[in-house]
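Peer 1: Could you build all of it, start to finish, from the sequences and the hints given here?
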Amino acid sequence: MVYIHQAYCISPQKTFQDVDLELLHEPVDKKLYAIEPSYEGIPPGVLRRMGRAVRMGAGAGMPILKNSPVDGIIIGTGKGGMEDCIKFLNQIVQYEEGLLAPGNFVQSTSNAVAAQLGMMSRNKSYNSTHVHRGHAFENAVTDAIMQLRALPGKQFLLGGVDEISDFDYNIETLDGSYKKEVIAASDFYTSDTPGSLAGEGAAMFLVNDQQPGALAGISAVGMLHSEDPAAVTAAFQQFISTHIRGNQKIDLFLSGESGDNRTLKFYAACESILPADIPVARFKHMSGVYATASSFALWMACHILQHGRLPVHTLKTVVEVSSLKTILLYNNYKGLQHSFMLIQK
Amino acid sequence: MWSSTAPNKKISLSRIFVTGMGVISAVGNSVAENRQGLVNAICGIRNELNLFPTKYSGLLPFGQITASTDGLMKALGVSDPGVTRTSLLALHAFNEMLADAGLSLADLRSPETALAGASTVGGMCLTDELYADANKNSNGSPYTSSYDCASVNIFLQKHFGMNGIINTINTACSSSANSIMYGAMLMKNGFARRAVVGGVDSLAKYTINGFHALHILSSEKCTPFDEHRKGLNLGEGAAFLLLEKEEDIAGKKVYAELTGYCNANDAFHPSSISDEGDGPYLSMQGALNHAKLSAADISFINAHGTGTENNDETESRAMIRLFKEPPAFSSTKAYTGHTLGAAGAVEAVYSILSLMHQEVYPTLRFTNRIPSTGLMPVPEYRKMPVQHVMSNSFGFGGNCSSLIFSQA
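One line per chain: the protein sequences are A and B, in this order. Just so you know, we're using this note's numbering here: the first sequence kicks off at 1 and counts up by one. Just so you know, we're using this note's numbering here: the second sequence kicks off at 346 and counts up by one.
Just so you know, the hints here were simulated from the structure itself, not pulled from any lab data. Just so you know, even glycine gets a beta-carbon here, dropped at the ideal spot from N, CA and C. One or more hints might be untrue.
Below 30 Å or equal to it, Euclidean Cα-Cα: the simulated DSS-like pairs (lysine-lysine) are [as the list claims (entries may be wrong)]:
hint, chain 1, residue 1, chain 2, residue 2
1, A, Lys180, A, Lys14
2, A, Lys124, B, Lys503
3, A, Lys87, A, Lys334
4, A, Lys180, B, Lys533
To list a few chain A residues with every Cβ distance to chain B over 10 Å, as calculated [as the list claims (entries may be wrong)]:
hint, residue
5, Tyr33
6, Asp187
7, Met223
8, Asn247
9, Ala269
10, Asp277
11, Lys345
Peer 2: Here it is as structure tokens:
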């Protein structure tokens with residue numbers, strides 16, 4: 001088991017300070033923008049130069065690094081700093097490859113979040129950035145599992161970050177990722193149209209191999225590339241039978257359902273093989289869709305396990321939820337990259 | 346088919362070997378062509394760039410691969426409309442690795458076969474298409490899902506129907522050293538039986554202008570470790586290696602053993618290394634510790650050696666700190682240019698060639714030592730006993746990684 005001892009999340013919901021998940025923050029222009037904190041503790045001069053992803057990553061990661069020395073920083077990000085990337089690209093075109101300021105270029109590399117965290121905490125140990133799109137965070141979790149097994153007793157900062165930028169929103173819109181129509185938040189799961197809403201956020205975790213005092217533990221991660229719902233269901237079934245012990249009960253199925261009618265079949269297929277009395281909760285109406293949204297889901301799972309309850313708006317059908325000890329997460333990104341995670345108290 | 350990773354498995358102590366290689370760079374289109382170039386001091390860097398319109402074409406030297414993008418598509422039999430030059434270069438090197446290792450399609454598609462790739466440019470080689478798509482100046486090019494770094498390995502996964510763990514790492518210029526390390530870790534942890542590891546980057550208007558803005562592109566062919574070095578030349582390349590476990594190599598040709606690796610951070614500046622080279626020192630020291638070797642055991646260092654003022658001096662200092670009197674070392678970036686996310690994998694192949702043929706390749710165009718460090722890289726091709734090679738890759742964000750390959 002990899003144990004999570006601290007968890008911080010900057011997201012479109014009130015997840016960072018004065019956490020309140022009951023009050024649902026609504027999308028603006030089909031985008032769920034993160035509620036950014038005041039970023040106390042980051043010097044204003046440094047903060048000004050940071051792109052959005054780096055800022056959120058530093059904002060969610062520094063509270064951990066400030067008090068807990070770590071033996072490495074492991075980040076998953078689908079795209080890193082796309083806004084800086086296109087800002088620099090636009091300069092190249094507008095100034096016809098003239099003399100350009102390198103700031104945006106340096107901030108645009110995907111490893112800028114992990115690098116910034118390393119620099120601010122003067123951490124010279126392991127530092128890695130996984131960018132495999134919808135498996136970026138899952139590979140970061142896998143990396144953390146492997147680091148902890150190689151170095152028992154050590155601890156790591158593990159995180160997932162992605163940002164909304166106008167540029168990336170344009171590209172993803174052309175790629176068909178977002179809904180054409182404006183929908184009310186209450187219609188998020190019922191619109192029956194293609195696409196979803198854009199989301200963003202940063203979730204950061206302090207992980208080690210020590211159980212005492214942990215918020216939760218990750219006991220397994222599964223990954224699969226497939227466009228076939230039957231293959232996904234088979235893998236899901238196998239994941240459950242491999243990792244759920246005989247008398248262990250799944251208390252909650254956390255589904256990455258995104259309101260996109262093209263990927264609903266995968267979620268429905270996985271749900272269909274679970275016993276009917278397992279409550280189903282969803283989170284994408286809170287986080288929106290982005291490559292590392294599973295890091296938001298992990299933060300939420302920790303929160304649920306810690307407090308023993310969850311907001312009613314997350315439940316797919318209104319049921320009494322009791323004894324929350326084991327949460328099974330299934331997520332997919334763009335109907336190709338699927339992941340499972342088993343999270344336990 | 347699926348793959349899962351759980352924290353309760355035992356770490357395997359089995360050794361990890363390289364049993365297949367493929368590479369394409371400005372020096373040549375195969376492992377054999379690359380070695381020919383390295384032995385005969387044939388530099389791939391030229392004052393010519395015709396992949397896309399840029400004002401730096403003809404002005405600055407680049408390590409461009411001669412094959413055109415259309416030519417690569419034809420030769421590889423690929424017609425997917427959204428495929429990028431980066432993915433094509435990757436496929437070219439992947440194919441060579443596959444044939445060289447004699448890995449069956451069934452084994453390649455096994456859930457026990459992982460793919461750990463790396464890229465920093467991904468589909469951003471299509472700068473003009475990206476500009477149009479990002480700024481809503483188009484109805485959508487065929488490349489809207491091909492710009493990110495993951496697009497390369499997703500293309501390879503689909504092309505070959507792979508079912509194991511697939512990952513893409515981007516730690517800037519040390520990316521593919523880390524993907525090699527990640528693949529090895531997946532194997533040691535029992536999450537993969539074998540791993541295809543490597544990296545790719547193609548030349549892009551984006552990176553050319555980025556490095557130019559940082560004033561680290563040389564107007565002449567680069568001269569790593571020379572007192573009068575003027576910066577780096579950008580290049581492009583791809584390389585993949587097949588890693589297999591000790592228990593699976595019987596009867597196969599084995600090129601080298603991956604004995605050590607370490608990733609450390611310089612934690613100093615976003616785009617330069619600290620004066621004393623803390624990150625490089627730590628990654629080299631960590632790789633030695635991991636391999637249970639001492640500094641004196643290293644026969645040769647394939648240095649990062651980009652040719653920039655900052656890198657070559659700090660890398661030299663770190664080598665002196667660790668080795669006192671550093672062993673023979675050289676930078677093959679004088680042949681290929683800096684291939685960014687591919688460099689760690691391309692130079693892993695070169696390091697293994699040194700082990701296989703008991704030879705080292707010179708740092709071309711070297712004339713004067715850096716006065717403050719006084720080190721001289723290998724000036725000309727020579728045969729020498731090579732038992733353990735260290736290969737360095739350092740990147741922006743202070744991301745430093747070192748690998749050690751040993752005679753099998």
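Peer 1: Each hint needs a verdict: does it hold in this structure or not?
Peer 2: Structure-based check of each hint:
1. Lys180(A) with Lys14(A): Since the Cα atoms of lysine 180(A) and lysine 14(A) sit roughly 27 Å apart, the hinted pair holds (cutoff 30 Å).
2. Lys124(A) with Lys503(B): 37 Å, violated
3. Lys87(A) with Lys334(A): Holds - the C-alpha atoms of lysine 334(A) and lysine 87(A) are around 26 Å apart, at most 30 Å.
4. Lys180(A) with Lys533(B): 47 Å, violated
5. Tyr33: Non-interface label stands for tyrosine 33(A): nearest chain B Cβ at 19 Å, farther than 10 Å.
6. Asp187: 26 Å, holds
7. Met223: At about 6 Å from chain B, methionine 223(A) fails to clear the 10 Å cut-off, so the statement is violated.
8. Asn247: 18 Å, holds
9. Ala269: 14 Å, holds
10. Asp277: 25 Å, holds
11. Lys345: With a cut-off of 10 Å, lysine 345(A) remains clear of chain B, as the shortest Cβ separation is near 16 Å.
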